[in-house]
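Number of protein chains: 2
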Amino acid sequence: MEFPSKLISNAVEEFSRLPGIGKKTALRLVLHLLKETPEDVRIFSDTIYKMRKQIKYCKQCHNVADSDTCNICESRTRNQQQVCVVENMRDVLAIENTQHYNGVFHVLGGVISPLEGIGPDKLNITSLLERIEKKGVTELIMALSPTMEGDTTVFYLSKKLAEKPVTITTLARGVAFGGELQYVDEVTLARSIATRRPYENYLVKKD
Amino acid sequence: MEFPSKLISNAVEEFSRLPGIGKKTALRLVLHLLKETPEDVRIFSDTIYKMRKQIKYCKQCHNVADSDTCNICESRTRNQQQVCVVENMRDVLAIENTQHYNGVFHVLGGVISPLEGIGPDKLNITSLLERIEKKGVTELIMALSPTMEGDTTVFYLSKKLAEKPVTITTLARGVAFGGELQYVDEVTLARSIATRRPYENYLVKKD
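The listed protein sequences derive, respectively, from chains U and W. Following the working numbering, the numbering of the first sequence begins with 80 at its first residue and continues without gaps. Following the working numbering, the numbering of the second sequence begins with 80 at its first residue and continues without gaps.
FYI, nobody ran anything at the bench for these hints, they're computed from the structure. A quick note: this is a predicted structure, and the numbers were derived from the prediction, not measured. Hints may be right or wrong, so weigh each one.
Because identical chains share one entry, a pair is satisfied inside a single copy or across any pair of copies.
Using 30 Å as the maximum straight-line C-alpha spacing, the simulated DSBU-like pairs for lysine-lysine come out as follows [unchecked claim]:
1) LYS132 / LYS103
2) LYS243 / LYS213
3) LYS138 / LYS114
4) LYS114 / LYS201
5) LYS102 / LYS132
6) LYS138 / LYS103
7) LYS243 / LYS132
8) LYS214 / LYS103
9) LYS132 / LYS238
10) LYS243 / LYS103
11) LYS129 / LYS239
Using the sequences and the hints given, assemble the complete structure.
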């Protein structure tokens, strides 16, 4: 596609660098911005650059934050001895949205993946080990992807922590709520039979 | 969704103002930009603001342009007496991409739509009438949407130009290439029977 203006073609180029945005979508976004006032577009572009330039990462958990320590790590009502290990900020958001977790987090920044050249040294593992030592962490909840790389990372961490007085747990794997049995894959189904639990009615709140 | 940082939440807000981008997609874009260097994000945000601020519209055809007159209007190899009337820049691009049109354009900026409060005075109609007078335009090709509003606009223009020595044509309507007859709507099919043409083999190039 040839654009009537270099300015348009540059802007389309920049938008289509983003994931999931092709040339046609990029053009639609550009045409939308052309209809807005220059002031609105200035706010748009400033907000995005400011976000990248001023963003900070929490010294303790490596989650994004506005200051040196994030709100979760600073909170006095949260259990600082219970640490949930996740890959990235999106996982923190997902767990926070359940409103059922009252511990803190540690963002690894990825998982060990020899194929992509990501070794343990490229992840926030040293700081996790130090944190466990210093803060007297009692439980480490591994909430990593159920993939080969995720499992490798959990295995690596469990080896590193074998001598430490910290319990390592992982998220329960099984049939999802609302999932129909016939569509569940064999591995998940087999494991959820093997790890079956006594019946509990989750709908009735216990005290 | 509550974000761990005001910067992130502002950026997500700005992205989700764009058409077709919801909160989840916006977050994905923001997380992608967070992984880029600040310099790359500066280029992204600058390009977009520059586009909006510096964009010009061609004095003659109202298409976007880098200077006061667009390349198409300035071209000496194009037929300046044949004007294709379109709604917006995207339609110009679509027709240009066919590489089968050698005339020039006139961007109306929309179609007459009383429901949305768009009257003839909000469109680039006065300049079109002046242009027809001044440049001695011989043919006006109406390439507007086949909707009530598009048809109203064509009707309005044809009335305005009834006394002028200019031929008004519209794009051929009919069964699209590759379209199966059974899926064509009745109006299109009925009209394409009524406006049938002598057989021509388009695949054999004539001189």
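Evaluation of the provided hints:
1. LYS132 / LYS103: both (29 Å within a copy, 22 Å between copies)
2. LYS243 / LYS213: So LYS243 and LYS213 pass the 30 Å test inside one copy only (12 Å; across, 88 Å).
3. LYS138 / LYS114: This pair counts as between: shortest inter-copy Cα distance 18 Å, intra-copy 42 Å.
4. LYS114 / LYS201: Between copies only: 14 Å across chains, 44 Å inside a chain, cut-off 30 Å.
5. LYS102 / LYS132: Both: 27 Å inside a copy, 21 Å across copies.
6. LYS138 / LYS103: between (41 Å within a copy, 26 Å between copies)
7. LYS243 / LYS132: neither (39 Å within a copy, 60 Å between copies)
8. LYS214 / LYS103: neither (51 Å within a copy, 34 Å between copies)
9. LYS132 / LYS238: Neither, since 37 Å and 57 Å both go past 30 Å.
10. LYS243 / LYS103: Classified as neither; 54 Å inside a copy, 39 Å across copies.
11. LYS129 / LYS239: Cα proximity of LYS129 and LYS239: none, with 39 Å in one copy and 52 Å across.
Hints 7, 8, 9, 10, 11 from the earlier list are contradicted by this structure; the remaining hints agree with it.
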